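Novice: So you can see what is in the structure, the chains are spelled out below.
There are 2 protein chains.
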Amino acid sequence: MQEFAEPFRHGWRQTAQVREVLYDGQSAFQHVQVFDTVPFGRMLVLDDACQTSVRDEYIYHEMLTHVPMMAHPAPRRVLIIGGGDGGALRRVLEYPVDKATMVEIDGDVVDVSRKLLPEIAGSAFDDPRTELLIGDGVAYLRDTTEHFDVILVDSTDPVGPAVDLFGETFYQHARRALGDNGIIVTQSGSPLVMLEELQAAEALMRRVFPIVKTYTCSIPLYPGVLWSFTAASTRLDPTQVEPRNIAGRLLANGQPTGWYTPAIHAAAFALPNFLAAALETQASYDPSALPLPLY
Amino acid sequence: MQEFAEPFRHGWRQTAQVREVLYDGQSAFQHVQVFDTVPFGRMLVLDDACQTSVRDEYIYHEMLTHVPMMAHPAPRRVLIIGGGDGGALRRVLEYPVDKATMVEIDGDVVDVSRKLLPEIAGSAFDDPRTELLIGDGVAYLRDTTEHFDVILVDSTDPVGPAVDLFGETFYQHARRALGDNGIIVTQSGSPLVMLEELQAAEALMRRVFPIVKTYTCSIPLYPGVLWSFTAASTRLDPTQVEPRNIAGRLLANGQPTGWYTPAIHAAAFALPNFLAAALETQASYDPSALPLPLY
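Chains as they are written, first to last, in this note's numbering: chain A, 1 to 295; chain B, 1001 to 1295.
Honestly, the hints are just simulated from the structure, not real lab data.
Please note that a few of the clues may not be correct.
Stated by the list, open to error - Here are the simulated distance ranges between beta carbons:
hint, chain 1, residue 1, chain 2, residue 2, range
1, B, 1256, A, 181, 35 to 43 Å
2, B, 1234, A, 31, 52 to 60 Å
3, A, 167, B, 1021, 44 to 52 Å
4, A, 196, B, 1073, 36 to 44 Å
5, B, 1001, A, 48, 14 to 22 Å
6, B, 1107, A, 254, 54 to 62 Å
7, A, 31, B, 1235, 57 to 65 Å
8, A, 118, B, 1005, 30 to 38 Å
9, B, 1020, A, 247, 49 to 57 Å
Bear in mind the structure is a predicted one, so any value in this text is a computation, not a measurement.
Yeah, the Cβ is synthetic: ideal placement off N, Cα and C, and Gly gets one too.
Work out the full structure, taking the sequences as your base and the hints as a guide.
Specialist: Here is the structure:
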């Protein structure tokens, strides 16, 4: 049987058995592939990096979306940068939002996802509250005069087309568009195999936002499995949300979750000691003081 | 470069690059190997299943040991079944215990670990409080008249020499040796790639103990990375431990942890929704009702 694996990171990698290559093309921005795999079902790969799969997409999209949406008392306007598969958009639309704007740089990703991974977005692209823009999210955020309650950065890792999403200028524009009561979340890589990238992203966000909180979950599709997101805000602290409030809003949304629960919301911010140490002390962190995985 | 990978599970596996094979032998019970790997440093493999590594052993051993030790107000007598590498023993001895008895079925595992993975046990095997017995843990527990406050089952998965550790009779003997105020913990596999085994282990423990709680952490060495442990007791509820109490006892132990913290203790019991559902409903669980990873 065919196999797909991302390159080794620190001498370690995961491999998925592949039943069939469903799509293989070059967009204006990146190499786009869809495989039908044994463990994950159909999965999307961009520039040889696994992005999402029909079987485990719910973990990533629930944790990316519900955590900041619940941290805001009543989000009405949401901006998604990237997210061409529609999985984050679908979760945002479970809430009583007025409008969800998605700015995806690569139209091919949207087209391929709608055709080959339709269950990830469900009917989200057809929702009248959805505004889909194919374009550069960095430029959009720089130029927009709109206000957003929540911004989700649902991007590839900080290489290739996504590199400017991980710059200080981007976060300054995000802060302006969010105002004091908004919140931004970005996926921030694996603490196990990309710790330096996570440390760099967190440090950058701290230069712009007074509240910065990293949280984790397990995403089997991604290298290292243990995955991180980092939330930032001027005033909203995502760790200070009442479980009963979350439970009530999930019930009102009316959609089952596979990973996210009120208890998971709180627990996700409890970082392993090595990670708490690595993020708190940044440059002055001494790796010899505590054990570290894979380094 | 050489590579080592466990067999595919549900079409998915992890691979580690291998610098050198340090040991390869057949014991009376199993195939014993030690590899020097790029991601994990030296690692122990039994019957082709990764057991522990010098780089990430702290995660498994801290979560196996500290959770039940903290759940007991003052553990004095501890039994470890398996655990030939000495990593659990070392953490147990950080506490003011009177005696730690270890019953490991395979003396070769102890010998190989002491020689090639000495930093995992540290000086634990030389501690005067250590009683090391090479023998069958199931028979030991059946025949012993001793009382234990904490029993740790630090074994391979329920195949090969460990199979009897996952039987109802074993847990009945454990309950007798623990009395009302003791607690037992067993590693219970990956919720992502061994969910049926976890469900079976939990169901078995529920037939013997009124309190049964599963908790998780991420162990890069193990298939699926997300890993589970299940704790069982007649009266001790490991979810009801004061964080301040944990912090004080960790301070008294005087040893740094890499993964475990008071917040991690509580957070580890917050299960992803699919897993909570799978464990609560057991046989009546309908996999189509909620998304499930890799199934």
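Novice: Quick one: are residue 167 of chain A and residue 1021 of chain B within 44 to 52 Å, going by C-beta?
Specialist: holds (45 Å)
Novice: Residue 1234 of chain B and residue 31 of chain A, beta-carbon distance inside 52 to 60 Å?
Specialist: At 58 Å between Cβs, range holds.
Novice: Is 54 to 62 Å a correct range for the gap between the Cβ atoms of residue 1107 of chain B and residue 254 of chain A?
Specialist: holds (59 Å)
Novice: Can you tell me whether the CB distance of residue 31 of chain A to residue 1235 of chain B sits inside 57 to 65 Å?
Specialist: holds (58 Å)
Novice: Measuring from beta carbon to beta carbon, are residue 196 of chain A and residue 1073 of chain B in 36 to 44 Å?
Specialist: holds (41 Å)
Novice: Falls inside 30 to 38 Å, the C-beta gap from residue 118 of chain A to residue 1005 of chain B?
Specialist: holds (33 Å)
Novice: Given the hint of 14 to 22 Å, check if residue 1001 of chain B and residue 48 of chain A actually sit that far apart at their C-beta atoms.
Specialist: The hinted range 14 to 22 Å holds for residue 1001 of chain B and residue 48 of chain A, with Cβ atoms some 20 Å apart.
Novice: Using the C-beta atoms of residue 1256 of chain B and residue 181 of chain A, is the stated range 35 to 43 Å upheld?
Specialist: holds (39 Å)
Novice: Honestly, do residue 1020 of chain B and residue 247 of chain A meet the 49 to 57 Å range at C-beta?
Specialist: holds (53 Å)
In the structure shown, no violation is registered for any of the earlier numbered hints.
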